[in-house]
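Peer 1: These are the residues of each chain, in order.
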Amino acid sequence: DGGITQSPKYLFRKEGQNVTLSCEQNLNHDAMYWYRQDPGQGLRLIYYSQIVNDFQKGDIAEGYSVSREKKESFPLTVTSAQKNPTAFYLCASSSWDRGLNTEAFFGQGTRLTVV
Amino acid sequence: QKEVEQNSGPLSVPEGAIASLNCTYSDRVSQSFFWYRQYSGKSPELIMSIYSNGDKEDGRFTAQLNKASQYVSLLIRDSQPSDSATYLCAVRSNSGYALNFGKGTSLLVTP
Chain A
1 DGGITQSPKY
11 LFRKEGQNVT
21 LSCEQNLNHD
31 AMYWYRQDPG
41 QGLRLIYYSQ
51 IVNDFQKGDI
61 AEGYSVSREK
71 KESFPLTVTS
81 AQKNPTAFYL
91 CASSSWDRGL
101 NTEAFFGQGT
111 RLTVV
Chain B
1 QKEVEQNSGP
11 LSVPEGAIAS
21 LNCTYSDRVS
31 QSFFWYRQYS
41 GKSPELIMSI
51 YSNGDKEDGR
61 FTAQLNKASQ
71 YVSLLIRDSQ
81 PSDSATYLCA
91 VRSNSGYALN
101 FGKGTSLLVT
111 P
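Top to bottom, those sequences are chains A and B. 1 is the number of the first residue of the first sequence in the numbering used here; add one for each residue after it. 1 is the number of the first residue of the second sequence in the numbering used here; add one for each residue after it.
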């Protein structure tokens with residue numbers, strides 16, 4: 001089945017730790033995105049990547065890092081510099097065959113909690 | 001800052017009624033518009049996309065776009081309790097690649 005797989009579903013982080021969230025897609029999509037969602041809030045863009053080995057900061061990139069070494073994979077690292085990391089993290093991807101008129105599809109999300 | 005505004009609700013409608021969800025956006029060069037449904041604790045699911053002024057229908061859902069008024073709406077006909085969820089409006093500008101989301105409208109369909 002084609003889709004976007006995020007892992008783990010739940011993640012607990014201790015203060016001062018870096019953690020990495022996985023996002024893999026087998027849809028052959030060019031673009032991938034990371035969003036953060038806090039309770040009762042919309043989605044805020046952390047990073048996005050249009051092609052391999054290239055990515056851009058979104059609105060709330062501070063304390064996060066990403067890599068795009070393969071088309072299928074776009075892992076997100078939440079560093080210790082992110083002061084309030086507890087949130088629901090969503091990875092999405094989209095093709096670019098119709099330019100801007102392409103839909104984005106989401107993985108099932110990773111819920112990160114600082115303990 | 002490109003703003004996408006939605007009434008947070010909750011919007012409560014009886015089963016079988018029409019639910020009307022509204023969204024306004026600030027970036028005049030916005031080109032693509034999307035509605036996502038999100039159940040509690042789950043990830044967003046794409047319902048509709050619309051790119052041109054006017055109406056677009058898909059089953060019980062109709063998306064309406066008015067670029068001059070910077071307004072996009074979603075109508076849900078014959079609302080069902082299973083439609084109870086948060087509906088997110090998303091907008092893509094022709095100067096960017098990522099989607100900008102509103103905070104969502106909570107819809108409650110009562111039996």
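Mixed in with the good hints there might be a few duds.
Unchecked claim - Below 20 Å or equal to it, Euclidean Cα-Cα: the simulated SDA-like pairs (lysine to any residue) are:
no.	chain 1	residue 1	chain 2	residue 2
1	B	K2	A	Q41
2	B	K67	B	D78
3	A	K14	A	G58
4	B	K103	A	P8
5	B	K42	A	K14
6	B	K2	A	E24
Said to hold, decoys possible - Restraint-style ranges between C-beta atoms, simulated for each label pair:
no.	chain 1	residue 1	chain 2	residue 2	range
7	A	D38	B	N66	42 to 48 Å
8	B	L108	A	R111	30 to 36 Å
9	A	D54	B	P111	48 to 54 Å
10	A	D54	B	K67	29 to 35 Å
11	B	N66	A	A81	38 to 44 Å
12	B	N66	A	F12	17 to 23 Å
13	A	F12	B	R28	28 to 34 Å
Unchecked claim - Here's a subset of chain B near chain A, in silico, CB distances under 7 Å, partners left out:
no.	residue
14	G54
15	K56
16	Y71
17	Y97
No lab work stands behind these hints: they were computed from the structure. Treat the numbers as computed from the prediction; the structure is a model and nothing was measured. For each residue, glycine too, the CB sits at the ideal point set by N, CA and C.
Peer 1: All the hints need checking, so say for each whether the structure fits it.
Peer 2: Hints, one by one, checked against the model:
For the hint linking K2/B to Q41/A, the alpha-carbon distance of about 16 Å falls within 20 Å, and the restraint holds. Taking the CA atoms of K67/B and D78/B, the gap is near 27 Å; set against the 20 Å cutoff, the hint is violated. The suggested pairing of K14/A with G58/A is violated, with an alpha-carbon distance near 25 Å, which exceeds 20 Å. For the suggested pair K103/B and P8/A, the alpha carbons sit about 25 Å apart, so the restraint of at most 20 Å is broken.
A distance of roughly 24 Å separates the Cα atoms of K42/B and K14/A; the hinted pair therefore is violated under the 20 Å criterion. Among the hinted pairs, K2/B with E24/A is inconsistent with the structure: their alpha-carbon atoms are about 29 Å apart, more than 20 Å. Remark: the range hint 42 to 48 Å for D38/A to N66/B is contradicted by a beta-carbon distance near 30 Å. Evaluation of the 30 to 36 Å hint for L108/B and R111/A yields a failure: the beta carbon distance comes to about 24 Å.
Checking the proposed 48 to 54 Å range against D54/A and P111/B shows it holds: the Cβ atoms sit about 50 Å from each other. One distance hint, 29 to 35 Å for the beta-carbon pair D54/A and K67/B, holds here, with the actual separation near 31 Å. Evaluation of the 38 to 44 Å hint for N66/B and A81/A yields a pass: the beta carbon distance comes to about 43 Å. Between N66/B and F12/A the CB atoms are about 46 Å apart, so this pair departs from the stated range of 17 to 23 Å.
For the pair F12/A and R28/B, the supplied restraint of 28 to 34 Å is violated, since their beta-carbon distance comes to about 44 Å. At about 15 Å, the closest approach between the beta carbon of G54/B and any beta carbon in chain A exceeds 7 Å, and the interface hint on this residue is violated. Interface hint status for K56/B: violated, as the beta-carbon distance to the closest one in chain A is roughly 12 Å, over 7 Å. About 18 Å separates the beta-carbon of Y71/B from the nearest beta-carbon of chain A, more than 7 Å, and the hint is not met.
Interface hint status for Y97/B: upheld, as the beta-carbon distance to the closest one in chain A is roughly 6 Å, under 7 Å.
Going through the hint list in order, the structure does not satisfy hints 2, 3, 4, 5, 6, 7, 8, 12, 13, 14, 15 and 16.
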